[in-house]
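Asker: Following the hints, put chain H with the ligands in place on chain Z, whose structure we already have.
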Amino acid sequence: MLKIENLHVSVEDTEILKGIDLEIRPGEVHAIMGPNGSGKSTLASIIAGRDDYEVSAGGIQFLGEDLLELDPEDRARMGLFLAFQYPVEIPGVNNLYFLKAALNAQRKARGEDELDAMEFWELVTERMRRVQMDEAFLKRPVNEGFSGGEKKRNEILQMSVLEPRFAVLDETDSGLDIDALKTVADGVNAMRSPERGFLVITHYQRLLDYIVPDVVHVMMDGRIVRTGDKDLAKALEAEGYALFRENPEPAIAQHA
Amino acid sequence: MSDHTATLEELTAKGYQFGFVTDIEQDTVPPGLNEDVIRLISSKKQEPEWLLEWRLEAYRHWLTMREPDWARLDITPIDYQAISYYSAPKSDADRPKSLDEIDPEILRTYEKLGIPLAEQEVLAGIRGNVAVDAVFDSVSVATSFKGKLAEKGIIFCSFSEAVHEHPELVRQHLGTVVPQGDNYFAALNSAVFTDGSFCYIPKGVRCPMELSTYFRINAANTGQFERTLIIAEPGSYVSYLEGCTAPQRDENQLHAAVVELIALDDAEIKYSTVQNWYPGDAEGKGGIYNFVTKRGLCKGRNSKISWTQVETGSAITWKYPSCVLRGDNSIGEFYSVAITRDRQQADTGTKMIHMGKNTRSTIISKGISAGQGQNVYRGLVKVLPTASDARNYTQCDSLLMGDQCGAHTFPYIEVQHPTAQIEHEASTSKVSDDQIFYCQSRGIGTEDAINLIVNGFCKEVFRELPMEFAVEAQKLLEIKLEGSVG
Ligand SMILES: Nc1ncnc2c1ncn2[C@@H]1O[C@H](COP(=O)(O)OP(=O)(O)OP(=O)(O)O)[C@@H](O)[C@H]1O
Ligand SMILES: [Mg+2]
Numbered sequence: 007m008l009k010i011e012n013l014h015v016s017v018e019d020t021e022i023l024k025g026i027d028l029e030i031r032p033g034e035v036h037a038i039m040g041p042n043g044s045g046k047s048t049l050a051s052i053i054a055g056r057d058d059y060e061v062s063a064g065g066i067q068f069l070g071e072d073l074l075e076l077d078p079e080d081r082a083r084m085g086l087f088l089a090f091q092y093p094v095e096i097p098g099v100n101n102l103y104f105l106k107a108a109l110n111a112q113r114k115a116r117g118e119d120e121l122d123a124m125e126f127w128e129l130v131t132e133r134m135r136r137v138q139m140d141e142a143f144l145k146r147p148v149n150e151g152f153s154g155g156e157k158k159r160n161e162i163l164q165m166s167v168l169e170p171r172f173a174v175l176d177e178t179d180s181g182l183d184i185d186a187l188k189t190v191a192d193g194v195n196a197m198r199s200p201e202r203g204f205l206v207i208t209h210y211q212r213l214l215d216y217i218v219p220d221v222v223h224v225m226m227d228g229r230i231v232r233t234g235d236k237d238l239a240k241a242l243e244a245e246g247y248a249l250f251r252e253n254p255e256p257a258i259a260q261h262a
Numbered sequence: 013m014s015d016h017t018a019t020l021e022e023l024t025a026k027g028y029q030f031g032f033v034t035d036i037e038q039d040t041v042p043p044g045l046n047e048d049v050i051r052l053i054s055s056k057k058q059e060p061e062w063l064l065e066w067r068l069e070a071y072r073h074w075l076t077m078r079e080p081d082w083a084r085l086d087i088t089p090i091d092y093q094a095i096s097y098y099s100a101p102k103s104d105a106d107r108p109k110s111l112d113e114i115d116p117e118i119l120r121t122y123e124k125l126g127i128p129l130a131e132q133e134v135l136a137g138i139r140g141n142v143a144v145d146a147v148f149d150s151v152s153v154a155t156s157f158k159g160k161l162a163e164k165g166i167i168f169c170s171f172s173e174a175v176h177e178h179p180e181l182v183r184q185h186l187g188t189v190v191p192q193g194d195n196y197f198a199a200l201n202s203a204v205f206t207d208g209s210f211c212y213i214p215k216g217v218r219c220p221m222e223l224s225t226y227f228r229i230n231a232a233n234t235g236q237f238e239r240t241l242i243i244a245e246p247g248s249y250v251s252y253l254e255g256c257t258a259p260q261r262d263e264n265q266l267h268a269a270v271v272e273l274i275a276l277d278d279a280e281i282k283y284s285t286v287q288n289w290y291p292g293d294a295e296g297k298g299g300i301y302n303f304v305t306k307r308g309l310c311k312g313r314n315s316k317i318s319w320t321q322v323e324t325g326s327a328i329t330w331k332y333p334s335c336v337l338r339g340d341n342s343i344g345e346f347y348s349v350a351i352t353r354d355r356q357q358a359d360t361g362t363k364m365i366h367m368g369k370n371t372r373s374t375i376i377s378k379g380i381s382a383g384q385g386q387n388v389y390r391g392l393v394k395v396l397p398t399a400s401d402a403r404n405y406t407q408c409d410s411l412l413m414g415d416q417c418g419a420h421t422f423p424y425i426e427v428q429h430p431t432a433q434i435e436h437e438a439s440t441s442k443v444s445d446d447q448i449f450y451c452q453s454r455g456i457g458t459e460d461a462i463n464l465i466v467n468g469f470c471k472e473v474f475r476e477l478p479m480e481f482a483v484e485a486q487k488l489l490e491i492k493l494e495g496s497v498g
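Sequences listed follow chains Z and H, in order. Residue numbers for the first sequence follow our numbering, so the first one is 7 and each next one is one higher. Residue numbers for the second sequence follow our numbering, so the first one is 13 and each next one is one higher.
Just chain H, with the same shape it has in the complex:
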């Protein structure tokens, strides 16, 4: 009869598909962290004095802080002196001006990942209407479609470039949503961040295409500390997607990013993430530590920020994309699918801080645990005394595959206004043999049946993703789940 175990081993052996290493010359700063390293990073990037000062301030603050208490995470201590804080492809000495100047090895890497840098590919419709900024280790290597966006006054470039070309915008907004000393990893990032994406949508402009950044960690022993800043002026709209992969290595690598979003009156930012960092092997060796601070500020009236995330990778994920709903009638949304298998651990969720009147937030969290994976939802809904008529709806669903995995839900609710309406629903279910058998009896094979059932479970989140990425997320989930039910 059906022999699931054989398929399981076969398919698990396939493992992580993006674990290759690119062989290029890298300019890497020796491991260690002190003020000189920060000065070096800043000078390599030819940064203005104020930014160096900003970094040093963050660093000094970081020194006074303690690593967070890991709650449900089981983590090997990180040696911050063993990490290299800057690594760039050598060719970056004189930054590439166009795609032709990019090291072909890097282009091939991105090709392998299925990310088109070359605009002709995009124009040929292979990946649809998406502008891409690609970050390779510490630096941004290429941004496509820049010209077309510039026509509308949209700025979409690497963070470093923004520091040089648009210093006033960067200086005005940097750290206004996630202050330097916000938390341990945000402080570390503020001190040593190397690159990232910058995006500015002018007043009344609807960004005509998806903006997208791909992050790739390549060099060994490096951390990746990127910083993303998105500003949506009044009445503007942008949809942004972030994707990530890393080579397969035995040691853990640290990824500590900061993302700041600012939405002014009537503006809307949709931020979608498909995270597929290397999760470590089946025994829990290696993998990325993904400690990320993501926060959006709904600064203006009627503004809206929507986070959608599909978290499939990393050894440990620690991440709470949040919304500060300051403007009256502003809306915050969080849609999340987090999947853990083998020894992966995910502690993720959101914070919705209601400050303005009549603010609304929606949280839909779907956790999938397979193998020995551990999945935690941790969320805070806070209604401040200024927030009359605030409303929140939270739904946390967990799906268990197998009996060695776990799902845990920690909803925190703090309400300081009597008119608040808070709703919370939670469920835990299993992919049942009955469901699989039912599909099989209709001619659908086991693997397809599992995919079908899991996709059904994730539907409310997937439908929030831009079309082409929803398809990608589904595929990723399929790869991820192969052989997960024996």
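So here's chain Z without its partners, still in its complex pose:
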């Protein structure tokens, strides 16, 4: 459903992504691991449609469409979702209002009926129970004053409400306590289905014990240097990235 080919991305003449190839099929969960600054969030941002970057070569296909041609909101309306590494605060706009505006904007664009206040309330409170968030968060301004973990949980709440077809989770596990980690993983697992794909960016193998990936990629310096199954994450946990630094081998073989 998501196909990235030979993607080169730069910011102000510095190349950050240096030829990424990646294909994720419906029902698959892929994980990307890689050292700080290797370009994981850049990849996530490019997929979601951030326009601070220049794509110098390659492209991305999503559900058969040329993703890079679309505005971010149109990507979201097609069913793309990004859980931000650093969720953004919007003072004065309450979470409930924001979520409803988002869901209805998407439904409208897809030609579906907008939900009224009652219908939305039922949906959102049900999803809140799923991610174990208190209803009080609905009245608070979007992410303002939320703790790090609460922000991450709020991203998962948004995902559960918007029910995307493909979701990128950028370090959603960072800063979560053990219980929150399980809750977030449960939230994701509850949404796993043969039609839905996930790209999970993380530094920790621990998350992958809960959200078991089909494929694991290792990203270094703007390239995917190794692709394997969930055991690759375990090896990485044991050995660190040094292994790949010394002996980088091309990873594209599997997906070429």
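Quick caveat, the hints were computed from the structure, so don't treat them as lab data. Positions of the beta carbon are idealized from the N, C-alpha and C atoms, including for glycine. Hints are not guaranteed to be accurate.
Claimed, not checked - Not the full set, but computed from the structure, chain H residues with beta-carbon under 8 Å of chain Z:
| id | residue |
| --- | --- |
| 1 | Y450 |
| 2 | I456 |
| 3 | L464 |
Answerer: Frame of chain Z; chain H with the ligands shown alone:
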């Protein structure tokens, strides 16, 4: 990818929506100002002698005064002799007695503006429970719902009518809050004011509906000088809303109004303004000069006056709705959203004068600057020696959209009593790309995202507005902000 610039041009081109001119016969006095013009205005309005004298006194005082020093405003000098001081639709020769007698052109104008004069519209629930007084250029053309209000003893009529029907009330209160010589523009207004609204709420009466005045400048080269007087007797309550628009013209037009509010013991006046005068074009040509003196006197114990304003229009706005807290335990509030874009300039704020014991004031000011707009908050909190245990809380937030606009904050604090507690908070922020992108990534389009963020910024003020007007203010803001972030 997203092409904001195209949207920007498209939407800015839409521009001001109320810039049309109504084609009716006008009775307009030739430009110029002298005692004869004032006598003429007074006689056209068949005013009593005392009022003429009052006007002349103001005029003579005005002659001795100098225009204020414009501080941060960049202003083309005003030629007071080039302005016409009176303009009325011809049909006013014999004032309309009912809506049927109003020139249909005027009715259509107000319809275009979305203001219902016809009571049946109001009753049909199109605009809810609101009584409207409409001022077209210099005169008030219609007041709806008068009958229903009269049952409760509430007087809501044009200022001219009040002069004839309730001279004792007008004479007793006129100029007691804003004296004739208060400032340059108040003096000018006192000399030449032509109409406005008058409102009287008797003792213990809670006004059952919003009272509302719409001001419309239509004729070219005219100034609009209206005067509003609201008196709330002990234990009464009234909520009042003022809205304004003007045609799109290349020359600047002057609007110098005076508003006086008087709240007696335990009375409360809530005064809300949605100002949308023509702001001039993108290069700064034309537009209204909005120089207004608004002041409320909390005369009685436990009285409360609350100003809420949403200032979106005018080339230049110069306005400081103020509260004189004379009664013990009285409360003054000021909630303001001022938005400037293109070449607009706004210098606005409030004065809270604490005189009584245990008086409290709250100031929430939200300035939004886009394009090359310049936004100034200027406020004074003054605690007199008589005001023990006075408290003030001030919060000034500025939101910048783009990098050519400006926001400036000038809080003045004068405290003459040691028990005073004054708090001041200020912030400046930008609508960030991160915020817009975050909204977009959830499926919300750019324009909607900006509206959402700006509405969030204005929330503390909007929630003070009566429901239907809060919705209107939001819509106005949306129109105003269209294409403002490229
Ligand atoms: N807008 C930008 N301007 C300049 N440099 C940028 C910009 N965005 C990203 N970079 C640089 O690109 C590199 C990759 O950043 P990115 O955020 O994608 O890393 P990451 O893999 O997500 O790291 P982390 O694990 O720390 O989150 C970094 O060196 C970063 O400084
Ligand atoms: Mg990152």
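Asker: Among all the numbered hints in the text so far, which are the ones the structure does not match?
Answerer: none
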